[in-house]
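Here the structure of chain B is known, so what remains is to put chains V, L and P with the ligands in place on it, guided by the hints.
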Amino acid sequence: MSSAILDVQGVGKSFPGVKALSNVSMKVFPGEVVAFVGENGAGKSTFLKILCGDYTLDEGKVALDGTEVSHASPLEARNAGFRLVRQEPEIVPHISAAENIFIGEYPRRASGRVDHAKMRQITTEMLERYGFVGVLDIDALGRTLSPAQQHIVEILRALKDGVKVVAFDEPTASLTTEEADRLFALIRQLRKEGLGIIYVSHRLHEVMEISDRVVVLKDGVQTGDLRIEETTEQDIVNLMVGRELAHGYSRDEVSTPEVVLEVENLSSRWHRDISFQIRAGEIVGFAGLVGAGRTELAKVLFGEFEKSGGTVKICGEVKTIRSPADAIAANIGFAPENRKAEGLILVRSVIENASMAVYSALARMGVLRTSAMIEKVSPFIQKLEIKTPSLEQEVGKLSGGNQQKVVLARWLAAAPRLLILDEPTRAVDVGAKAEIYRLIDDLSKQGLAIMMISSEMPELLSMSDRIIVMRDGQISEPIEKQDATEEAIVNLALGTKAA
Amino acid sequence: MPTEDKKLSITENATLQIASPKSSALKRFTNFVGAENLSLIIALIIMVALIATQTEFFFSARNLMNIGQNMAVVGLIAVGMTLVIVSAGLDISVGSIAGCASVVCALTVTQMGTVTGGVFAGMGIGIILGLINATIISILRVNPVVATLATFSAFRGVAFLIAPDGRPVGVLDPNLAWLGSGRLFQTESFPGLPVAFLLLVLVAVVAHFVMTSTVFGRSIYSMGGNPVAARLAGINLTRMRYAIYAVSGALSGLAGVLVTARTSSGQPASGTQGLELEAITAVFLGGALMAGGKGTIVGSMLAVLLLATLSNGMNLLGIPTFYQLVAKGLLLVLAVAIGQWRLARSEKQQAKLAAAGK
Amino acid sequence: MPTEDKKLSITENATLQIASPKSSALKRFTNFVGAENLSLIIALIIMVALIATQTEFFFSARNLMNIGQNMAVVGLIAVGMTLVIVSAGLDISVGSIAGCASVVCALTVTQMGTVTGGVFAGMGIGIILGLINATIISILRVNPVVATLATFSAFRGVAFLIAPDGRPVGVLDPNLAWLGSGRLFQTESFPGLPVAFLLLVLVAVVAHFVMTSTVFGRSIYSMGGNPVAARLAGINLTRMRYAIYAVSGALSGLAGVLVTARTSSGQPASGTQGLELEAITAVFLGGALMAGGKGTIVGSMLAVLLLATLSNGMNLLGIPTFYQLVAKGLLLVLAVAIGQWRLARSEKQQAKLAAAGK
Amino acid sequence: DDKEIVAIYKSGTQQYFIDQGDGFKAAAEELGYTAKIINVELDANLAISAVSDAIASGAKGIGLTAPDQALGPAVARSADEAGVLLVATDDPIMKEDGSPVPFVGFDGVAMGTKVGERAGELLKESGWLDGARYGVLSVEVQTLSVCNDRTDAAKEQVIAAGASADSIVQVSYDGTADTSLAATGPVLTANPGVDKWVVFACNDEGVLGANNALKNAGFNPDDVIAVGLGAYEACRPWKEGIPSGFKAALYISGKDVGDAAARTLINSIETGEDLPLKTVANTTIVGPDNYADYMSCD
Ligand SMILES: Nc1ncnc2c1ncn2[C@@H]1O[C@H](COP(=O)(O)OP(=O)(O)OP(=O)(O)O)[C@@H](O)[C@H]1O
Ligand SMILES: Nc1ncnc2c1ncn2[C@@H]1O[C@H](COP(=O)(O)OP(=O)(O)OP(=O)(O)O)[C@@H](O)[C@H]1O
Ligand SMILES: [Mg+2]
Ligand SMILES: [Mg+2]
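Each protein sequence line maps, in turn, to chains B, V, L and P. Residue 499 is where the first sequence ends in the numbering used here, and the numbering goes up by one at each step. Residue 358 is where the second sequence ends in the numbering used here, and the numbering goes up by one at each step. Residue 358 is where the third sequence ends in the numbering used here, and the numbering goes up by one at each step. Residue 298 is where the fourth sequence ends in the numbering used here, and the numbering goes up by one at each step.
Chain B extracted, bound-state conformation:
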């Protein structure tokens, strides 16, 4: 094999109160996919942000295709050929999706004018070439893009001319299985083209499937660098977590006859004639492709979006829910999929973000003691193993997965009658996932009704008592746990007849 296209030697980086990376070294060769795994907060994103010039390293050396780029600026890193598909897409809200892809390096006419037409044309070509046809309206404003769509923009940004090494930071987190498959095809294509590829994911089966080598991080320290054929998922988990983990999760049915949520003939801008029930102690999984309308359904139930018809009953009585405030008053909780835009107050502290939904519950005549907040939510922060230097830390400075856990902690602490979870374990590591499943299970045992929107088959199959599949704003008949199979779900999602 030729010489390494990316060569990292003994990189270290610290933040106030956190040693994010110490003495990490790795090589990537052309046409190789190197998986990069570790628990939430292990330092994966930090490592990649250093490579792309976002953060500056405290110690160590980085060489890209022979030239040293240890202290490159974002621009220099780009031009050198390193591209990062960020875990948190950075989108410019008031310009088109196409323009979002070209910020910083626009195509120009001879006159020097920005060539908008060319921009749209190239974008369309790239969408075709990389198999994203029809997923993205290239004229849509950045702010209207879904997490999935935002990710596609990030990917296209990275794949523009001159790319030598491209790193994907949890690319599949906001994609459905179908989308993920497309992405893998893309990655294989890039590997053929001789690019170096770094692939960060918490979905180990994906890692096994796509990568040639795997580098494992634990608390910022490198604990392994193995050829994929010489290892197993279990080995990797051990290196990541340092202990054995029960694989998967299975829960026993606890639902009682009491109906908590009853939706009848609900229709909206996105939906037509939707009816279903969720009973106390029951977990109903919602499957579907991006654009199927699951998130919208959640937002309609939660009063964020308008419903144009139908009734919603909570515990038997009809509720008119016009705003999230109404929904919460009706004892509904909603953990959104898009944590950055809709979930978190990034500039505020972990403790504030985690207790927001219980402020009124904790207050005595409007007075709210910090001690009360800590008392209420810190158990969940501990159980979820949220990695933060202090409860005062700004949420924006936590790792992606830990941010996700903060959103969950907020609603687990609130324990409403009906809890709607949209992609609850997105970007969360294996260890924490198991813990989250346990907590959700506990809540259902306490009699909560849980509506779980997820694009992760294993999660849906292992957690749901029934699974409802959504397609084009309509829902399928619920599939009972016993006859729920991946194939059945995919067929319903795609609208293809089961064989």
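Just so you know, these hints were derived from the structure itself, not from any lab. By construction, the Cβ of each residue, glycine as well, lies at the ideal position given by its N, Cα and C atoms. Check before you lean on any hint, since a few could be wrong.
[Stated by the list, open to error] These stretches of chain L come out as covered by chain B in the derived footprint (C-beta under 8 Å, 3 or more residues):
no. : segment
1   : 188 to 200
2   : 220 to 227
[Unchecked claim] Once the Cα atoms are required to be at most 30 Å apart in a straight line, the calculated DSS-like pairs of lysine-lysine come out as:
no. : chain 1 : residue 1 : chain 2 : residue 2
3   : P       : LYS95     : P       : LYS60
4   : B       : LYS313    : L       : LYS352
5   : B       : LYS319    : L       : LYS348
6   : P       : LYS215    : P       : LYS239
7   : B       : LYS376    : V       : LYS348
8   : B       : LYS387    : V       : LYS27
9   : B       : LYS160    : B       : LYS192
10  : V       : LYS352    : B       : LYS61
11  : B       : LYS445    : B       : LYS313
12  : V       : LYS352    : B       : LYS27
13  : V       : LYS27     : V       : LYS352
14  : P       : LYS255    : P       : LYS3
15  : B       : LYS319    : L       : LYS352
16  : B       : LYS118    : L       : LYS27
17  : B       : LYS218    : V       : LYS352
18  : B       : LYS313    : B       : LYS481
19  : V       : LYS348    : B       : LYS387
20  : B       : LYS118    : B       : LYS27
21  : B       : LYS376    : B       : LYS445
22  : B       : LYS218    : V       : LYS348
23  : B       : LYS313    : L       : LYS27
24  : B       : LYS387    : V       : LYS352
25  : V       : LYS348    : B       : LYS61
26  : P       : LYS255    : P       : LYS278
27  : B       : LYS319    : B       : LYS445
Quick look at chains V, L and P with the ligands alone, frame taken from chain B:
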């Protein structure tokens, strides 16, 4: 989206580190004023030292009382403005509201002879005008800057229309005057504490409590930091805005009452013009973010004190206007720059500590 | 973080829909002025109709020229302010910069007798002061509001210090006067086009081109909308800020030159009479967002025209100041409210279409 | 330095008050006192702060041009309490009991009266009164009471001189030449029948702006009778020998007022005598031919 760049966001991180509850006396103090605001205190100390070496009158009890008295009007408005700016809004109409309140208060006192009545009338009109602002912003969905720039003009006009022939309304009621220039706890040795100043302190303490330890206050930080997330957490943004702008209006109204009390006349414009910029300066100097979600009463009050001390000092030293203007500019830049520099430094240290394994 | 709430974001969706390039003549026009700005045009039409019914002089060629001439000063500043606000900054010092430039220009012309020299001196000092703003913001990392509030005060002081004994500097040079009040293409039937107005049009057209079709302009939208994304895409935020505030400074300087030309004297205080608020009003009225990343030259210029027409009309009708203030406030609210209402409506229609199966 | 006096000016960035400050300082130093100047930019609230600051700084006497006469009682009270001498300059103010605060200078009503008288004379001489289509522009800062005093008085005089009341047109500006120019333009448009104008304002800037607007509208200087207030803008064309609308202006020697204020204060401080109730500084109407005898034009 993030409205600062990396540098800023990281430096801010240092605050939290320092503020994280490992409490020694100093730590607790730092914790209370907030690391960023330490720089205001440093700037204040430097400035006081400079002034005091130039004139022995600065530390005279009378002069200190003076500063207290002179900061009351801007201070009250800055308290309300802090709530508004933390909620990611802006209220440019405060000065005009104060103008209306000043006239209304004067008219009430002269025509009904009741000082309490005058005070409440002043605050009442303030609240009403604040609610008008909130309506324009929430119901008509006009961006806060345009909305309050509009009412900044409209309310000013109203103030003149209320005042007979748009002329200042004289009021000689001694009780009202007491509010503006009276003192409490006066002894022959001690000049006493100005009523206006005590009023400001009272308001500021309450506001600090509200912002730090009530659902209302916390919700202001949430909605300022990310309105969408706040709404999805069950916060009613519209109701919040009504409350916030009403408070800002009420305090502007009270400030207007003080102007009437101090100048023994209801002033439609003079005395309340340019208050908006003064207050906004104080709030941002006190550490608030343009994007909202950050800012403290303590910071804003320190900033008001800094500005009041500066102008008092320069008057004591008889510095010519033109130089006063320049000096004020320099002070503002200096105060913030010190803060940024300190935060950048302490953030480096924090990182080093972490690297060394804490 | 997202700085408005659902409602707004959805309405914007609608704008997009409307502006999407299915080009009929109307569509293309809508596209050019931007759906939101249509409401400014509607407001303008309503207002003009009202005024014209009251006085036949409004449409006299001379009066229209008058409006053009009077909007030049604010207009120039509003162009620069648009760049600043779209980049998520703010420049409160523009008026003070204009004041400095006015004086410097007057001194150059009187002492060196060169008008061109005076014009360039004025713009030159504007650029220098703009660069100072950028330095304070980028290097000292002071929040733009505080930074320019500081220089708002400091530069004003400087203006008075430059002027001998802080007095207005008289200049009677006819060539300079021509710049302020001269006309081109004058015939006995046609009063000609004011030089100052043509200057504004020229600047605005160039600025519109820059904002829509140059890398610099587009990068302003990126950095304003999401500084992190912009930085990671390799846009040098510091360099951008220097350029943006320099442009704002240069145009404020040019505005100061016009003031000197119009009033035949260098007025240190000329800028300090709320020019900044006037310009900021125009830019936000023209559709910009506090959070940055949004706003157009066309919108800002329409807003300037709207404001200039209003005050011209009210002077034509001899409306007293007090009522003028109120009227201005009402107009601002009305103009934006109409826009919001229209967008909300068209968004509903969009929704209906979508519900009816897209 | 317990031998100190302070002057507080409502608009210390205006040339007239800069002059007054110079006069005040000069006289004080000549008599062995130190003098301080404080500017309150037309802000009533700042004026109160300034007075208390001055008292705190150990001043023995204060000269005050109040941004608003209603301030009288408040400042008089705090000055009395502190036993500090107070004179009002330019704008007379009253104590709570309605008795006047000792006054130095030349009040707004008197200024307006002189301007109006001169404008009236010039109007008569011009012969416009017999049948010419003339108008009177009164350029006013309507939000400032001390300004209204001047223009109101001037209007009275012009009417007394024979001008018809409905020939008077109000123009509102904010005290700067630029807004006066912008506001006058449309007013001229709205009065197309008028081909000769009489102009006065609260200050020279106001008149200057109106003159420029008239020039822009194509009026020739002979058709304009503009009487300035302050003369510092009016004197420029005179000096250059350029024809302009300025036919006369009221020259008020700021220096003299400041000088008189300082001397009155110091005299009473030294001798303990009461302050004289009214000390009128001299002011004169000047024109192109005689302005140089009274003022230097720069
Ligand atoms: N800007 C920052 N300021 C302070 N601490 C930070 C910052 N960025 C990251 N950290 C800390 O560095 C550590 C590593 O974070 P990083 O984002 O690299 O984790 P990660 O491996 O990407 O985790 P995840 O799988 O959840 O994305 C975390 O403890 C995080 O809190
Ligand atoms: N018009 C729109 N404006 C803003 N966001 C939209 C719009 N349409 C869809 N979205 C967002 O796009 C995302 C995906 O759309 P949708 O909810 O229809 O698919 P989904 O079933 O939620 O799939 P997933 O949850 O996997 O994204 C959601 O986050 C939704 O909020
Ligand atoms: Mg990460
Ligand atoms: Mg979704």
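_Of all the hints numbered above, which does this structure not satisfy? Sort the numbers upward._
Hints 1, 7, 20, 23 not satisfied by this model.
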